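Chains as they are written, first to last, in my numbering: chain A, 1 to 450; chain B, 1001 to 1195; chain C, 2001 to 2347.
Honestly, I wouldn't trust all of these hints.
To be verified - In the DMTMM-like style, the derived pairs of lysine to aspartate or glutamate whose C-alpha atoms are separated by at most 25 Å in a straight line are:
hint: 1; chain 1: B; residue 1: 1036; chain 2: B; residue 2: 1084
hint: 2; chain 1: C; residue 1: 2002; chain 2: C; residue 2: 2060
hint: 3; chain 1: C; residue 1: 2212; chain 2: A; residue 2: 272
hint: 4; chain 1: C; residue 1: 2269; chain 2: C; residue 2: 2226
hint: 5; chain 1: C; residue 1: 2064; chain 2: B; residue 2: 1085
hint: 6; chain 1: C; residue 1: 2034; chain 2: B; residue 2: 1131
hint: 7; chain 1: C; residue 1: 2064; chain 2: C; residue 2: 2008
hint: 8; chain 1: C; residue 1: 2212; chain 2: C; residue 2: 2270
hint: 9; chain 1: C; residue 1: 2064; chain 2: B; residue 2: 1084
hint: 10; chain 1: B; residue 1: 1160; chain 2: B; residue 2: 1021
hint: 11; chain 1: C; residue 1: 2002; chain 2: B; residue 2: 1084
hint: 12; chain 1: C; residue 1: 2035; chain 2: B; residue 2: 1131
hint: 13; chain 1: C; residue 1: 2034; chain 2: B; residue 2: 1105
hint: 14; chain 1: C; residue 1: 2035; chain 2: B; residue 2: 1105
hint: 15; chain 1: C; residue 1: 2035; chain 2: B; residue 2: 1085
hint: 16; chain 1: B; residue 1: 1039; chain 2: B; residue 2: 1069
hint: 17; chain 1: C; residue 1: 2034; chain 2: B; residue 2: 1084
hint: 18; chain 1: B; residue 1: 1169; chain 2: B; residue 2: 1084
hint: 19; chain 1: C; residue 1: 2269; chain 2: C; residue 2: 2218
hint: 20; chain 1: C; residue 1: 2064; chain 2: B; residue 2: 1131
hint: 21; chain 1: A; residue 1: 434; chain 2: A; residue 2: 110
hint: 22; chain 1: C; residue 1: 2035; chain 2: B; residue 2: 1127
hint: 23; chain 1: A; residue 1: 434; chain 2: A; residue 2: 74
hint: 24; chain 1: C; residue 1: 2034; chain 2: B; residue 2: 1085
hint: 25; chain 1: C; residue 1: 2002; chain 2: B; residue 2: 1182
hint: 26; chain 1: B; residue 1: 1169; chain 2: B; residue 2: 1131
hint: 27; chain 1: C; residue 1: 2034; chain 2: B; residue 2: 1127
hint: 28; chain 1: A; residue 1: 176; chain 2: A; residue 2: 110
hint: 29; chain 1: C; residue 1: 2163; chain 2: C; residue 2: 2218
hint: 30; chain 1: C; residue 1: 2035; chain 2: B; residue 2: 1084
hint: 31; chain 1: C; residue 1: 2002; chain 2: A; residue 2: 272
hint: 32; chain 1: C; residue 1: 2151; chain 2: C; residue 2: 2291
hint: 33; chain 1: C; residue 1: 2269; chain 2: C; residue 2: 2161
hint: 34; chain 1: A; residue 1: 252; chain 2: A; residue 2: 272
hint: 35; chain 1: C; residue 1: 2064; chain 2: B; residue 2: 1127
hint: 36; chain 1: C; residue 1: 2163; chain 2: C; residue 2: 2219
hint: 37; chain 1: B; residue 1: 1169; chain 2: B; residue 2: 1156
hint: 38; chain 1: C; residue 1: 2151; chain 2: C; residue 2: 2030
hint: 39; chain 1: A; residue 1: 252; chain 2: A; residue 2: 355
Hints in this document: simulated from the structure, not taken from any laboratory. All of these numbers come straight from a predicted model, not from anything done at the bench.
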Amino acid sequence: MAKNNGTYLIRGASILGAGAEDLLISDGVIAARGAAAAAHNDAHGATVIEAAGLVALPGMVDVHTHLREPGREDAETVETGTRAAALGGFTAVHAMANSNPVADTAGVVEQVHSLGRAAGWVDVRPVGAVTVGLAGEQLAELGAMADSRAQVRMFSDDGLCVHDPVLMRRALEYVKAFDGVVAQHAQEPRLTAGAQMNEGAVSAVLGLTGWPAVAEESIIARDVLLAQHVNSRLHVCHVSTAGSVEIIRWAKERGINVTAEVTPHHLLLTDDLVRSYNPVYKVNPPLRTDADVQALRAGLADGTIDVVGTDHAPHPSEHKECEWAQAAMGMTGLETALSVVQHSMIETGLMTWADFARVTSFAAARIGRLTDQGRPLETGEPANIILVDPAARWTVDPARMATMGRNSPFAGLELPGQVVATFYKGHPTVLDGKLNTPYREPAASAAGAS
Amino acid sequence: MTAVTNAPVPARVVLNQADIDRALTRIAHEILEANKGSKDLVLLGIPRRGYPLAVRLAHKIAAADPTVDATAIVGQLDVTMFRDDLSHQPTRPPYPTQLPRTGIDNKVVVLIDDVLYSGRTIRAALDAIIDLGRPRIVRLAVLIDRGHRELPIRADHVGKNLPTSSVEKVRVRLEETDTAADGSVVNEVVIEGGA
Amino acid sequence: MKHLLSTEDLSLANAIRILDTAEEMAAVGDREVKKLPALRGRTVVNLFFEDSTRTRISFEAAAKRLSADVINFAAKGSSVSKGESLKDTAQTLAAMGADAVVIRHWASGAPHRLAATDWIDAAVINAGDGTHEHPTQALLDAFTMRRHWSKLAGTASIGADLKGMRVAIAGDVLHSRVARSNVWLLRTLGADVTLVAPPTLLPIGVEHWPCKVSYNLDETLARGVDAVMMLRVQGERMNASFFPSTREYSRRWGFDDNRLRALDSLGLKDTIIMHPGPMNRGLEISAAAADSPRSTVLAQVRNGVSVRMAALYLLLSGDTREPAATAGAARTNAAHSNAAHSTKESN
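Could you build the full structure based on these sequences and the hints that come with them?
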């Protein structure tokens, strides 16, 4: 029987951190799990992967990635960004809409979607802009993007806040027609004019214009009330303050349909790093205080925050090798996300690997309405699987990354955990910690035969 | 703390307190003799140890010539900013330069230093003086001349000529600027290192 | 000391060293030849991304009195119109053999970037960066205060600190690099500092600063002060609602004639009035106060040259090849590019 994407027998992997079992991958799905795997017919001639000591997890799903293409191919392309994603343990990414042209039409989202399919490293799910040109004035054709081949379900003006309350209300209402979600970049623009870093003890000393927590929290508070009022679905991007966690916790207790995301960097880094004036630490929302970091970790652990989203934001080096005020905001994150979350959540005892699967895969796929991602590692499920060596230690070196961005705030840091293999639709895009080959769609005839 | 009083460096006293005092007395008389009296005399000590020597000399001159007010003829001349080795040495903060109220124009300035070695300090001192005024004569008095000159400079008055090897170190310790390891008063010249 | 970037990380020993050296430099100004050969053959670049004739000529005079060669580089480049990048400018100056860069920049932290990167190896002196610091201004203020304080005590200023001196700094603290540098340096020197400002012009986080904070200038004066430093206030701040009107501002927080008289009636006969300049007469300080015998405005300007000579001398005269402990461990990314333009972009 011809196998489209090879057959792999993973031996002795710890499934989501639990007991060691075998997994048989065949024809893009998990053909068998446990004792049945080796006994399965397809196991003969399968490539055997010894996975003792490795943790098997569902492929990670990023709800927040900047792939920069089209328009800023000097910063990143779909090809380079998705290579980075595969190496980082992802099998799906949501590509944010702030490209040039903006992903505010069916044409642009279909272009990004097809670039992703052609690259073949992960599922690329375009995010559509909420407003035309991210200008915050007029709704983009959300329905057309939803109905396009890209099947957009998540809409965001990320980078900019949909600050007009009427427009936000309409967007929340409108996306109900196709089970969409509005992912809000919560930043009150008037309170953050010229803002450079978290407003607090450090900004006072450094003389950098402050970015108050209330600018984020006030928008989140407004939006959860709006979501409740119109009974729609709200996703809050990159929550960064303790106050935001409290508001979301309150909203969830009231049954409001809100989900929230936190970035790996906000789980680990604080605004003390800005004292160096090194723009590698400049990001939107800004790095906050240690109290915020602790609240975000607690919120992620108790489910108030649903997912980890990288907000991977590559920039060409000249946008970071300059004065702080001149520098672009953003950090790369795809290739460090797993390690940073392991370091800050698992090694601190706040989460298990099963929780990790929830916040990096299951919940993320549900928010983006991805049906074949974020699935349990059970027989018959799509084979989007990663193998992680939790005992590995490595030192972050941006120059050796697959992303074009060199702006990693973790450079020089020793972190735990390494992605040994990534299976995307049953095909190993990463093997032995190195890029393998991209997934290729089965030929039309083979597809017809199955 | 591993340093002990008798360090492995051999140190030998070449002038004790009485020797220093005798040498200064002799230099004071030589200065008066060379100047045919105390008229227009100004003594400028080079920090750090040239200055206390200048003060001691001024008092000896005043003792020999009661018309002299010792404090009125002595000053301090800092040469730090005029050195030619500023960029090869650790940064040194300057010492104050203090001239006698009479100034130095048309005066007979006697530069006072503790040890004359390469001559570079005196070169710097001559430059410093020129920026401050125009003395009629500049002379040089030193407690020790240890040789090894690198510039065409010679002392007019020398307490003791001390032939040394360049690996040796000549240390002048004065009670105004130094204290002995045991905290007692010290006035001596020693040679360290060498054989 | 390899750079002079801020007073926040300036040790007491180094602060006193600069002030003491400045005393010796001040003496040079009284000589027939107002010049020292100490920095002969050294090149000092005044790199100004923001216009400031006062500060530039003060540094220029200081460098020239030390016989350094001075290059003035007025770099165009605001946040709006982008000229050559800081990196390219720095590398250009390095190629020209600059030994010290005196940098004035509208962006907070720009001098730190120059010092922390490998773009240029020269000593960096911060001549005012954004709303961050202006260390030589604070040093000349401290120098002025120390002379006053020592004179009152009848002691020499060499080696002295400012223990016990009560200093009020009044005005737009939020946007003031002068206030920040003064707060840190005066703390180090042992003075007792009170900031006086409308609450809108104090930074969030000021409660962590080593000073007292007051909203009331009259109360602060009544408690007794030895020096009052008035900060420049820009009338335009009114348009951003930092205060209702310039009239209300000067009534509540300006050093007007009534407050000048109050110093006398409070028996504060030795209190000095300071201002970093340029002054807005009639806004934060009245003409009578600015011109009164209490005013040290011109002494501050004069002392500025001495303090800057001291800073240049101490940074440039030593053996720069000796391993210097650099402040703030800089971790730099290895990647460099030659691209010149810089744009703002959200992630």
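Status of each hint after checking the structure:
As the CA atoms of residue 1036 of chain B and residue 1084 of chain B are separated by approximately 35 Å, the hinted pair breaks the 25 Å bound. Distance restraint check for residue 2002 of chain C and residue 2060 of chain C: the Cα-Cα separation of roughly 20 Å lies within the 25 Å cut-off, and the hinted pair is therefore satisfied. The hinted pair formed by residue 2212 of chain C and residue 272 of chain A meets the criterion: a straight-line CA distance of about 24 Å does not exceed 25 Å. Pair hint residue 2269 of chain C plus residue 2226 of chain C holds up; C-alpha atoms about 9 Å apart against a cutoff of 25 Å.
The hinted pair formed by residue 2064 of chain C and residue 1085 of chain B meets the criterion: a straight-line CA distance of about 19 Å does not exceed 25 Å. About 8 Å separates the Cα atoms of residue 2034 of chain C and residue 1131 of chain B, which keeps this hinted pair within 25 Å; it holds. Proposed proximity of residue 2064 of chain C and residue 2008 of chain C is contradicted: the alpha carbons are some 28 Å apart, above 25 Å. A distance of roughly 22 Å separates the Cα atoms of residue 2212 of chain C and residue 2270 of chain C; the hinted pair therefore holds under the 25 Å criterion.
In summary, the hint linking residue 2064 of chain C to residue 1084 of chain B is supported, as the alpha carbons are separated by about 18 Å, within the 25 Å threshold. As the CA atoms of residue 1160 of chain B and residue 1021 of chain B are separated by approximately 12 Å, the hinted pair is consistent with the 25 Å bound. The straight-line distance between the Cα atoms of residue 2002 of chain C and residue 1084 of chain B is roughly 21 Å, inside the 25 Å bound, and the hint therefore holds. Between residue 2035 of chain C and residue 1131 of chain B the alpha-carbon distance is near 8 Å, which keeps this suggested pair within the 25 Å criterion.
For the hint linking residue 2034 of chain C to residue 1105 of chain B, the alpha-carbon distance of about 17 Å falls within 25 Å, and the restraint holds. At most 25 Å may separate the alpha-carbon atoms for a hinted pair to count; residue 2035 of chain C and residue 1105 of chain B meet this at roughly 18 Å. Straight-line distance between C-alpha atoms of residue 2035 of chain C and residue 1085 of chain B comes to about 18 Å, which keeps the hinted pair within the 25 Å bound. Simply put, residue 1039 of chain B and residue 1069 of chain B have alpha-carbon atoms about 12 Å apart, close enough for the 25 Å limit, and the pair holds.
A hinted pair counts as satisfied when its Cα atoms are at most 25 Å apart, and residue 2034 of chain C with residue 1084 of chain B qualifies at roughly 19 Å. Straight-line distance between C-alpha atoms of residue 1169 of chain B and residue 1084 of chain B comes to about 21 Å, which keeps the hinted pair within the 25 Å bound. Distance hint between residue 2269 of chain C and residue 2218 of chain C is fulfilled; the C-alpha atoms sit about 16 Å from each other, no more than 25 Å. Distance hint between residue 2064 of chain C and residue 1131 of chain B is fulfilled; the C-alpha atoms sit about 15 Å from each other, no more than 25 Å.
A distance of roughly 29 Å separates the Cα atoms of residue 434 of chain A and residue 110 of chain A; the hinted pair therefore is violated under the 25 Å criterion. Simply put, residue 2035 of chain C and residue 1127 of chain B have alpha-carbon atoms about 12 Å apart, close enough for the 25 Å limit, and the pair holds. At roughly 24 Å between alpha-carbon atoms, residue 434 of chain A and residue 74 of chain A fall within 25 Å of each other, so this suggested pair holds. Note on residue 2034 of chain C and residue 1085 of chain B: the hinted pairing holds, with a Cα-Cα distance of about 21 Å set against a maximum of 25 Å.
With a CA separation close to 37 Å, the supplied pair residue 2002 of chain C and residue 1182 of chain B exceeds the 25 Å bound. A threshold of 25 Å between alpha carbons decides the hint, and for residue 1169 of chain B with residue 1131 of chain B the separation of about 32 Å lies outside it, so the pair is violated. The hinted pair formed by residue 2034 of chain C and residue 1127 of chain B meets the criterion: a straight-line CA distance of about 13 Å does not exceed 25 Å. For the proposed pair residue 176 of chain A and residue 110 of chain A, the alpha carbon gap of about 21 Å is at most 25 Å, so the pair holds.
With a CA separation close to 24 Å, the supplied pair residue 2163 of chain C and residue 2218 of chain C stays within the 25 Å bound. Straight-line distance between C-alpha atoms of residue 2035 of chain C and residue 1084 of chain B comes to about 16 Å, which keeps the hinted pair within the 25 Å bound. Straight-line distance between C-alpha atoms of residue 2002 of chain C and residue 272 of chain A comes to about 23 Å, which keeps the hinted pair within the 25 Å bound. Proposed proximity of residue 2151 of chain C and residue 2291 of chain C is supported: the alpha carbons are some 21 Å apart, at most 25 Å.
Straight-line distance between C-alpha atoms of residue 2269 of chain C and residue 2161 of chain C comes to about 22 Å, which keeps the hinted pair within the 25 Å bound. With a C-alpha separation of about 32 Å, the suggested pair residue 252 of chain A and residue 272 of chain A falls outside the 25 Å cut-off, and the hint is violated. About 18 Å separates the Cα atoms of residue 2064 of chain C and residue 1127 of chain B, which keeps this hinted pair within 25 Å; it holds. Taken as a hint, the residue 2163 of chain C and residue 2219 of chain C pair is honoured in the structure, with Cα atoms around 22 Å apart against an allowance of 25 Å.
At roughly 23 Å between alpha-carbon atoms, residue 1169 of chain B and residue 1156 of chain B fall within 25 Å of each other, so this suggested pair holds. For the given pair, residue 2151 of chain C sits about 19 Å from residue 2030 of chain C by alpha-carbon distance, which is consistent with the 25 Å threshold. Among the hinted pairs, residue 252 of chain A with residue 355 of chain A is consistent with the structure: their alpha-carbon atoms are about 19 Å apart, no more than 25 Å.
Violated hints, listed in ascending order, are 1, 7, 21, 25, 26 and 34; each of the other numbered hints is respected by the structure.
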